[in-house]
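Student: Take a look at the letters that make up each chain.
There are 2 protein chains.
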Amino acid sequence: MKLKTGSDLDLERYLRDRRVWIDRTLEDCLPTQRFAPGRLHEAMRYSLFAGGKRIRPILAIAALESIGGDVERALPVVSAIELVHTYSLIHDDLPAMDNDDYRRGRLTSHKKFGEAAAILAGDALLTAAFSLLSDRELNRTIPADILLSVLHEIGQAAGSLGMVGGQFADMESEGSAGSETISEETLFYIHSHKTGALIRAAVRIGALLGKALPDALSSLTVYGEKVGLAFQVADDILDLEGTEKETGKRVRKDGARRKLTYPMGVGLAESKRFADRLIREAQEALSAFGPEADPLRAIARFVVERKV
Amino acid sequence: MKLKTGSDLDLERYLRDRRVWIDRTLEDCLPTQRFAPGRLHEAMRYSLFAGGKRIRPILAIAALESIGGDVERALPVVSAIELVHTYSLIHDDLPAMDNDDYRRGRLTSHKKFGEAAAILAGDALLTAAFSLLSDRELNRTIPADILLSVLHEIGQAAGSLGMVGGQFADMESEGSAGSETISEETLFYIHSHKTGALIRAAVRIGALLGKALPDALSSLTVYGEKVGLAFQVADDILDLEGTEKETGKRVRKDGARRKLTYPMGVGLAESKRFADRLIREAQEALSAFGPEADPLRAIARFVVERKV
Chain B
1 MKLKTGSDLD LERYLRDRRV WIDRTLEDCL PTQRFAPGRL HEAMRYSLFA
51 GGKRIRPILA IAALESIGGD VERALPVVSA IELVHTYSLI HDDLPAMDND
101 DYRRGRLTSH KKFGEAAAIL AGDALLTAAF SLLSDRELNR TIPADILLSV
151 LHEIGQAAGS LGMVGGQFAD MESEGSAGSE TISEETLFYI HSHKTGALIR
201 AAVRIGALLG KALPDALSSL TVYGEKVGLA FQVADDILDL EGTEKETGKR
251 VRKDGARRKL TYPMGVGLAE SKRFADRLIR EAQEALSAFG PEADPLRAIA
301 RFVVERKV
Chain W
1 MKLKTGSDLD LERYLRDRRV WIDRTLEDCL PTQRFAPGRL HEAMRYSLFA
51 GGKRIRPILA IAALESIGGD VERALPVVSA IELVHTYSLI HDDLPAMDND
101 DYRRGRLTSH KKFGEAAAIL AGDALLTAAF SLLSDRELNR TIPADILLSV
151 LHEIGQAAGS LGMVGGQFAD MESEGSAGSE TISEETLFYI HSHKTGALIR
201 AAVRIGALLG KALPDALSSL TVYGEKVGLA FQVADDILDL EGTEKETGKR
251 VRKDGARRKL TYPMGVGLAE SKRFADRLIR EAQEALSAFG PEADPLRAIA
301 RFVVERKV
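Order-wise, the sequence lines are chains B and W. If you read the first sequence in this note's numbering, its first letter stands for residue 1, the second for the next number, and so on. If you read the second sequence in this note's numbering, its first letter stands for residue 1, the second for the next number, and so on.
Treat the hints with caution; some may be incorrect.
No copy labels: a pair is met if it fits in one copy or bridges any two.
To be verified - Keeping only pairs whose Cα atoms sit at most 20 Å apart, straight-line, the calculated EDC-like set for lysine to aspartate or glutamate is:
#1 LYS112 with ASP17
#2 LYS211 with ASP145
#3 LYS111 with GLU172
#4 LYS112 with ASP235
#5 LYS112 with GLU172
#6 LYS307 with GLU172
#7 LYS53 with ASP235
#8 LYS111 with GLU27
#9 LYS211 with ASP8
#10 LYS53 with ASP28
#11 LYS53 with GLU281
#12 LYS111 with ASP215
#13 LYS112 with ASP135
None of these hints come from the bench; they were simulated from the model.
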């Protein structure tokens, strides 16, 4: 797959290589089933190694590369973002939440291991992320103050003022689509928090690890915000247009639940135009960057063109 | 309430004062309902300010005082332990877990706010703990490497190799009490992890904040382990002997569920002797400490003599 930007970056290969690095790091950092409780570690790994695209850690890597940082020593830190993402998927799928039976073509955690185990596996993955980030031995070449700033970035992005807040608002909005009490503001809040916050944080973490100067950090933050929002809009479009086979999960469920989405609010065509505009703005935010930022530019496009 | 150790420490007042400091810190650090989503922050605060004893942060403070450390600047850090504890209570009470309707005399989170909100409130409290611990502004007088060591201590104690692991094993053991396949080893694993790990960590965090020398850290670790285990044994005894009015929660539920407990395994009298021995051993671990450790000595006794 060649990029449309004129760059000779092979995006498919770029993504595949980094996915392998991240998978290897996660494999090394997480206790195996040989550690008690074996079944808990099995459940954690079942969801973690379910074929995820690792798009958030890869965004962190690409951001770090865009400012010339050293990727290898940053792998444990960026991989921790995937632990947070995976925990959020497990909890979102629970019967009390989205009540999904399938994810990435496989049974969801609670269908496979039971509800209590799924709750605890999610809890343990979130905790493991912070454990990994604060591991001085594993991250010995990264200064303590940078590790703390990364921790704070994830903590803020994943918490009640970020991802969990967005998930909560999303849940509260269920059944209210079409109602006049739900505003575009609410829709924006949900999307920018539920999905956007962690993606924005991933990009910023790459910047923090590379000790980005204030200007570069600002540009990368704008990039992260635009891509994060585009990601959720693309997800909503996929829910409408994708097939179950392609996405590996139940589709057209948003409508069934009268869940608030962009396509539902502004229509499918307008949603696609909106996603395109966000990607263009994300790429424009990188105008001062050289070819080192080509992966970021390409990933922005990939995020809205993906089929899963 | 005077201490039996001959010390003139007024334990009741000691605990009350520190509880006030911790409550004030938590009040300042956690977003109010004015921040969106208001209902999520309401749920987080509902459980956090439900009249908890704050025994874990107080243990951290007492450990810090025992080696002459400055308590005031440590308040945000030690208060974060209570966020982790509160999240664990919310998730433990869920229908898929212990399915409890009351806690501290009030409706549990999921009975009051619904199951999805309770799951998310727990997730958000756990995340808030790590956010608080990595906040450089709030903890500006604490060196970055000490903050990281505290974070790692909590991460390890609360995760799959600690508290969540213990909770998982406890859940797996349900219905198996009396069965010959459950060993004393399993019982010890559950108790030392489910409750013990975070209490041990609380004491160690006080030591880390005070830059304890290796000998003092070892002694305080032994103290924390013994008190942590005694706390759970006392909880099991309370479940058998306490009244619902005293404990504010359903009692005698362990037996109904055939949950594995100490009194069930070795009898009530032997369990009380065991708790007494643990407290004595905890106090002996502090033999090299002066009167600065009197609060720790008194709290050890309080932990097994409490009625709630």
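Student: Flag every earlier hint the structure violates by its number, smallest first.
Tutor: 1, 4, 6, 8, 9, 11, 12 and 13
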